[in-house]
Structures are given as C-alpha cells and as structure tokens.
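Asker: Here the protein sequences come in this chain order: A and B. Just so we're aligned, residue 322 is where the first sequence starts under the working numbering, counting upward by one. Just so we're aligned, residue 322 is where the second sequence starts under the working numbering, counting upward by one.
Just to be clear, a hint being listed does not mean it is correct.
To be verified - FRET-style restraints, in silico, Cβ to Cβ: (1) B:Ile653 x A:Ala505: 34 to 42 Å; (2) B:Gly506 x A:Leu537: 54 to 62 Å; (3) B:Ser564 x A:Leu537: 49 to 57 Å; (4) A:Asp433 x B:Ala505: 56 to 64 Å; (5) A:Glu623 x B:Ser564: 34 to 42 Å; (6) A:Asn409 x B:Gly506: 56 to 64 Å; (7) A:Ser641 x B:Tyr325: 37 to 45 Å; (8) A:Asp646 x B:Arg592: 44 to 52 Å; (9) A:Pro643 x B:Ala423: 26 to 34 Å; (10) A:Asp433 x B:Asn347: 21 to 29 Å; (11) B:Asp457 x A:Pro643: 43 to 51 Å; (12) A:Glu542 x B:Leu537: 51 to 59 Å.
FYI, nobody ran anything at the bench for these hints, they're computed from the structure. All C-beta atoms, glycine included, are put in the ideal place defined by N, C-alpha and C.
The chain contents come next:
There are 2 protein chains.
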Amino acid sequence: MNIYDVSKKAGVSIATVSRVLNGNANVSEKTRERVLSAIKELDYTPNVFARGLGLNTMKAVGIMCTDSSDIYLANAIYYLERELRRFNYNAILCCTGNDAGARKSCMQLLLDKRVDGIILAGSQFICRDAGVDGYDYIIEAARELPIVLVNGRLDGNRDGCRLYSVLCADREAVCSAASQLIEAGRRNIVYLYSGTSYSSLNKLDGFTDAMNQAGLPVRPEYLRQCTRDIAGARGSLEALYSSRMPFDAVIASDDMLAVGAVKFAFAHGIRVPDDLEIIGYNNSVLANCTEPELTSIDNRVELVSTRAVRLLIQVLGGGSAPPLDIVAAELIKRNTTKF
Amino acid sequence: MNIYDVSKKAGVSIATVSRVLNGNANVSEKTRERVLSAIKELDYTPNVFARGLGLNTMKAVGIMCTDSSDIYLANAIYYLERELRRFNYNAILCCTGNDAGARKSCMQLLLDKRVDGIILAGSQFICRDAGVDGYDYIIEAARELPIVLVNGRLDGNRDGCRLYSVLCADREAVCSAASQLIEAGRRNIVYLYSGTSYSSLNKLDGFTDAMNQAGLPVRPEYLRQCTRDIAGARGSLEALYSSRMPFDAVIASDDMLAVGAVKFAFAHGIRVPDDLEIIGYNNSVLANCTEPELTSIDNRVELVSTRAVRLLIQVLGGGSAPPLDIVAAELIKRNTTKF
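Looking at chain A on its own, in the form it has when it is part of the complex:
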C-alpha cells in the first residue's frame, strides 16, 4: 500500500495527496476529506523514510531550548509539542545548554535530519553576549527552512529568510507593573534580574521606562543582577540591606527571584506587602508556594507557544505570516502587593 494507491482510491493526483499529508492549506476541505478517508480505508501508514526521500518531509519540527528543566521552558515545550501533535507533526527536542557552539551544532543536526521547521524556545538564543555574528547560524538556517523564535526576536525581513518571532510584550508589562507601584507611592523600587537574554533586557527597559515616565531617577544600585536561584536573589537583597539602602518594592524578572525576595523579607521580619511589595514574573507554580502568595506577571506561555506552532503550520502549508507576533501579558494580583 503506498501513496499511488491512495491517489487512485481518492481520485486525486499524487501531489494532492502529498499536500494533504503535509498539512498544506491549498487543498479544499472536500478534497482533504476524500484523501483522508482513502488513507483510512486503505490503512495506509506513510513510511517515514520513503516520505523523507520522496516527499521531502518527515513531518517533524525541531525544538531547540537551552534548558528543558527550567519551569518556563518546560511549559513552553509542553504546549509546543501538544500543538504540533494536533497538526500531526512530531517534535524532535534538542537542549543546547548555554554554550554557543552547542547551539550551532544542534541547529546543524536538525538541518541534517531534514526537519520541516525549527522552533527556538526561549529568549536565551538572543542575548547580549552572542557577539556581532552570533545570529548568523539562525539566519543561515532560516534560508533553508522556516524558523520561529518563541520569546526572542530577530528581524525577519531579510532576503530569502523565513524567520518569525512570537513573543510576549514583556517591556510593556514590566513598565505597567512598575507604574502601578509608583502610583501607590513606592519610590525605592529594586529591579532584580539574572540573565541578559532578549526578554530579560526587554523587561529591564520596561522598568526604566516607568521610572522615566514618572520623572524618577534610575539608580544603578537598584538594578540588581544575581544568579538565577532563590539564594542569589536573597543574597543580592541582603547586600543592599546591609549597605543601608532603603527599598520598599521589588520587581523580579522571574518568580524564582521573587521567592528569594519573600524569603529575604521573612528573615528580617519585614512585612509583605505593607513594608515591601513584591512582583514576580511568569506566573508559575512558584507564585502559589510562598506565604504571602506572589503577585506575578503572566507572560502567557500557552498562548505564545500555541501561536508559534500555528504560524509555523501556516508557513509550512505554503501560506504567509507576519514576521512578528506580539501577545500582551497580564498582571495576576495576589498578596505581595497592596493594589
């Protein structure tokens, strides 16, 4: 049983069967159904290797991420894989770590596997220390197949590139949250962050936007970079506290760091939210673990991941898509803020 039998049974061309198998949008619903029912009747399982050689698709999408055990990325992978499967695509997962060489070799490996497209999950692929040629491997790959960045952003308007970015409006979200703290009378706001990824720096910009809009000075001592764990965040606040720099609010670029802020306050008997307001980011399960529970910015990982896959499917089906798709975040108010 092969594609010829399906084409004969359905009374359509082999090219049409191929288009249906590949999820191409340029097939009428009626034709699609005819092909699918022929496949069903004939109990036809497309052989992946034959398909690889003949139709040039494995119905597989590569997902690259730096660290699949990170809570945000684990959720992104979950939603990406789920959505890909809905469209009959498989996910080939590659975790690259933070090494630039590993990223390039993972990308090459996926190209060698002849996947249909690649999704880069997480903004760590677009970071300050990438250097001037740091994204060349992404742009080169995007000349071969469509690439979607989830929560990262690269200019997709280049000759022959199919490069798309789907992301959350992080900058606006942090700006809005900081503005609410300022309106509530907070003046000494600490911004706590760990990385220099695209999204991390975007959030930092959002914080300075809010301070600038309110005519408040942005003091470098209040922009605290720390290691990406509870102890790192807590230690950074301890240092500020020891040097007798007053602060009445903390915005963290990640819930993990906000947990460190709650722990810092608890250790010193500082009342949250009365004497210290704290806002986390990601609205992850960690936000529900602390006492009081964290107010957190929800960056809509499910929505962003789902839209990234739909965009890719559209492009793989021969359609076009905008190079940039931005989703609004949402502030989830719990008990570490008074507003």
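Based on the hints, put chain B in the right spot on chain A.
Answerer: For chain B alone, coordinates are given in the frame of chain A:
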C-alpha cells in the same frame, strides 16, 4: 561521499563502519578511532534517510511522557535528552496526556518512525486503572525494540521482549521516613497522595510498611487522596481538621502536596515542625520555596535518567542488561522536620 568511501578509507568492512555509527560496543577502540578519523577526513555526514533505509537506524530514541510540564518529568526529560545526546542519539519527544488511547497511538507513531528504542518516562504508564490488557501495547512494542521504563516497572522476563525498568526505591524511602517520624514520637501521621501510578502506590505501601513494623494501626481516614495541586492537598487536610481528627505529621507523595500542608498549617497558626512535621517527595525546587523549607525525599531523577539511557545504549550496542535496576533515594533534611 558515502559509507563505502569511509569503509575504503578506514580499511574496514561496511558492517564495521555501521557498527561504529550505531555506537555498537563490539568494536575495538583502535578500529573505532580509525573509522572516526576517516569520517572526519572525508567530512562524511551520514544522511539520515539513507541511513534509515540502509542501516535501519535513525540514531533516535523516542521519549514518551504523560506531561512534560510536570516538574519531575521535565527534569527527567532534561537528563534523558542530555545523556542521549552524549551518545549521539536524538530524542523524539511525545507527550501522551493521561488518555490510554493516546499512549497507544504515540507508541505506534514512534514505531512507525523506526526509532532505535523507546523510553517511557514516569510511572504514570504503569497504573492501577490500566486494566488487565493495559500493558499489552508496551509488551508488544518491546518485542520490536528495546523499551526502558523510568520510574515504572514491568516484568521484563518474557520471551523475545527487551523490556527494562530503572527506578527509585520509593517504597523503602517512604518506609524509612515514616519510621523516623514514629521513632520521634509521632503517632497520627497523615499520608497524602494524588495518583494511582506505580510509584505512587509503591510509596503508599512504604507508609503502611512503617506503620505495620511499629505495630501501629493504618487508619483509612489518614490515607488522604487529593487532586495533584496545592489547593487539593490543603483542602484534604482542612477536611480532616474540621472533623476533629488529630494529626501531628504529614508525608506527601509529592512536594506540591507538601506545600499545601505548609499552607494549611500557616492558615491555622499550627507551628511547623513543633506541632506538625511535614515531609515532601521529589526534592524539587518547590522544597526551597516554602517557609519553613521542606524536608523532602530525593528520588534521584538525574541518576535514574542517566542510568536508563546508559542501559539502553548498552542494549542497542548488542550488549545485555538486567531487566531491573533500582536506585536508593535520599532524605534531604530541612526545616519541616525536627530530626
């Protein structure tokens, strides 16, 4: 450039080149190096499709899990993928959810893809409600290719099956933790759990073992099943508390549920650990989020995952492996217990 050129250059047979490419152990180190340097000199990239047709391997291992966003499973996937990549295997990830039909179709899909082996990550694949034929699809698949269960267990001693289980000694770990609470004078210990997976029921058995060994009655009201989230755990303890059933310790089958116990105690002004001792399971990041921080049983996800991959690589290389490999857990003492 193809496998024949490599064989010619290295002065070995095509079968030997194939064995080296497939990570087969039955190749001397000297021969392996000769083949690898020939590959390097010729700049030979094995074509995945050609390899699929010719050598019958894609150098890919399927990972099936029920929910990649679960913290334990996200960590397992991370370590499995990392270890597979060390051996030049790719991970094809399939998340099945909890639907039995989806599990079977995911398995079939991986078989159709002709992966080299399959790892079932998480004990949810082996659960009470699977029914009498519930594992037939796993056993059938294990006649075609090697299957490794991570934290689940199926009898691998069947004709023509390559079925292996790598898991943590959950039962012994819970028994030991409960025994320590009993020795410390706790008599009214609640066991809090959510699922009926292999590992969940094993832990429950460990709890009853400890009670039996101490000659204490196992009261069904103190075996509390709840939904797998903070609110579920908390609600279950609230119900017990409202019905005036005294309890002085909680062992939870998952850190998430233990967080619910900490929140319950906080809400009622119950002192932890003085008036209530709490032990979680998994030693996840959640254990560090609460105040006080959770004592938790570490079920060694990194070690279990790494050993699962090494076992699979050994089998794929033509070697043999024991059907069962058990790793000991470790109790990580923090501040929700007094011992």
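Asker: If you check the beta carbons of A:Ser641 and B:Tyr325, does the distance land in 37 to 45 Å?
Answerer: 43 Å, holds
Asker: Has the hinted range 54 to 62 Å been met by the Cβ atoms of B:Gly506 and A:Leu537?
Answerer: 56 Å, holds
Asker: Between A:Asp646 and B:Arg592, is the Cβ distance one that fits in 44 to 52 Å?
Answerer: Taking Cβ atoms as reference, A:Asp646 and B:Arg592 lie about 51 Å apart, which means the hint holds.
Asker: Looking only at beta-carbon atoms, does the pair A:Pro643, B:Ala423 fall within the given range of 26 to 34 Å?
Answerer: 33 Å, holds
Asker: Go ahead and decide if the range 34 to 42 Å is satisfied by the Cβ distance of B:Ile653 to A:Ala505.
Answerer: Given a distance of about 40 Å, which is inside 34 to 42 Å, the answer is holds.
Asker: So does A:Asp433 sit 56 to 64 Å from B:Ala505, Cβ to Cβ?
Answerer: Taking Cβ atoms as reference, A:Asp433 and B:Ala505 lie about 58 Å apart, which means the hint holds.
Asker: Check the following: the C-beta atoms of A:Asp433 and B:Asn347 are separated by a distance inside 21 to 29 Å.
Answerer: Holds: the Cβ-Cβ distance is about 26 Å, inside 21 to 29 Å.
Asker: Measuring from beta carbon to beta carbon, are A:Asn409 and B:Gly506 in 56 to 64 Å?
Answerer: Roughly 59 Å apart at Cβ, these two residues keep to the hinted range, so it holds.
Asker: Has the hinted range 51 to 59 Å been met by the Cβ atoms of A:Glu542 and B:Leu537?
Answerer: 57 Å, holds
Asker: With 34 to 42 Å as the target window, see if A:Glu623 and B:Ser564 comply at their CB atoms.
Answerer: Distance hint for A:Glu623, B:Ser564 holds at roughly 38 Å.
Asker: For the hint 43 to 51 Å, verify it against the beta carbon of B:Asp457 and that of A:Pro643.
Answerer: Since the Cβ atoms of B:Asp457 and A:Pro643 sit about 48 Å apart, the hinted range of 43 to 51 Å holds.
Asker: Return holds or violated for the Cβ distance of B:Ser564 and A:Leu537 against the range 49 to 57 Å.
Answerer: 54 Å, holds
In the structure shown, no violation is registered for any of the earlier numbered hints.
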